[in-house]
Amino acid sequence: MQFSAQTLLPYASGALAAWDTPAGICLRRLTPRQLQQFEGDHGMVIRSRCNAGIALEMRTDAQALEMDFSVQAEAPRPYGYIEVFVDGAPFAAEGSDAEMPLQASLRLALPGGVKAIEILLPALHEMAISHFALRGETCIEPIAHRFRYLAFGDSISQGYDAIFSSRAYPMRIAREIDALLLNQAVGGDVFRAEFPEALPGFVPDIITVAYGTNDWNGRDRADFEASAAGFFQNLHSAYPDAPVLAITPIWRADGGEMRKLGPFGAVGESIRRECAKYGYTVVDGLSLVPHDPKYFRDEYLHPNMEGFDWYFANLTGAVHQALKIE
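For the sequence shown, the numbering used here begins at 668 and goes up steadily by one.
The set of hints was computed from the structure by calculation and includes no laboratory data.
A quick note: this is a predicted structure, and the numbers were derived from the prediction, not measured.
Please note that a few of the clues may not be correct.
Ranges of calculated distance between the beta carbons of each label pair, as one might list FRET restraints [what the hints assert, rightly or not]:
id: 1; residue 1: T688; residue 2: S904; range: 32 to 38 Å
id: 2; residue 1: K961; residue 2: A896; range: 35 to 41 Å
id: 3; residue 1: H798; residue 2: K961; range: 38 to 44 Å
Using N, Cα and C, we set each Cβ at its ideal position, and we do this for glycine too.
From just these sequences and the hints, can you work out the full model?
Below, the structure is given as structure tokens:
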């Protein structure tokens with residue numbers, strides 16, 4: 668079976684839209700209204716189009732998988748991988764620790780019988796899939812998940828700087844609790860009052876919100892607090908019944924400095940005040956990743972894969988509690 672954009676979308680977990688282009692099938696995780704908010708900022712546009720959290724998932728008895736793809740030359744980070752899992756276990760990967768190839772192919776013989784196939788797209792690249800096909804299949808169906816998980820945030824929640832997308836904390840949380848992940852985090856982003864919106868057909872069972880580090884680094888306090896208040900108000904209007912975990916900023920090496928917003932801790936204080944209005948749970952980001960540059964790829968802000976291991980391990984308990992998972 669060969670797929671088009673229309674036939675692939677039901678299997679594209681974490682994608683809201685798919686369409687055919689001359690380069691191949693492209694997928695989007697943000698709505699047109701959300702994407703419009705980044706117009707005029709080239710870097711934000713590039714990052715908002717990346718495929719963070721998107722995976723091709725299916726249960727099938729196919730004997731082989733074929734995939735040809737290209738990535739945009741301009742990307743937030745050069746490295747990345749497409750990762751393939753079979754029945755939850757790593758099976759294959761295509762990419763590079765140094766620089767993702769602009770064009771590549773997968774040709775995989777698959778284990779016999781019916782199995783769950785997951786193909787994780789790179790979080791920090793925009794991909795076009797020029798060819799995607801299964802061979803020898805007699806059955807194929809989407810994979811049902813126990814929960815739905817919506818992630819908001821900045822570069823860290825998008826996946827900077829995990830070389831493998833599967834190691835970023837939103838994807839790890841989703842896989843651990845068996846959730847369909849919609850990752851709407853965008854590198855460099857801040858609280859935007861108008862960003863949350865109700866999505867037809869997608870009602871999250873849990874939401875994480877992890878902004879603040881860029882607000883502290885570039886906004887004044889009044890602007891930040893007004894935007895954060897508007898964000899949480901609109902989030903509650905869109906999803907009044909969903910449990911929300913608001914994660915305050917994790918450690919950064921320059922967090923002892925002063926900004927026009929105030930000290931670094933002022934961000935968390937403001938987030939706590941806003942979340943108290945809605946009964947949202949606040950997670951202390953400073954408790955998630957050790958305050959040691961060795962856990963950060965750039966040694967000051969973005970976790971490396973070991974840093975994300977800590978982030979995931981220390982966040983999991985709050986997620987389980989919110990979802991009442993024993």
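Status of each hint after checking the structure:
| no. | hint | in the structure |
| --- | --- | --- |
| 1 | T688 <-> S904: 32 to 38 Å | 34 Å, holds |
| 2 | K961 <-> A896: 35 to 41 Å | 37 Å, holds |
| 3 | H798 <-> K961: 38 to 44 Å | 41 Å, holds |
The earlier numbered hints are all upheld by this structure, with none contradicted.
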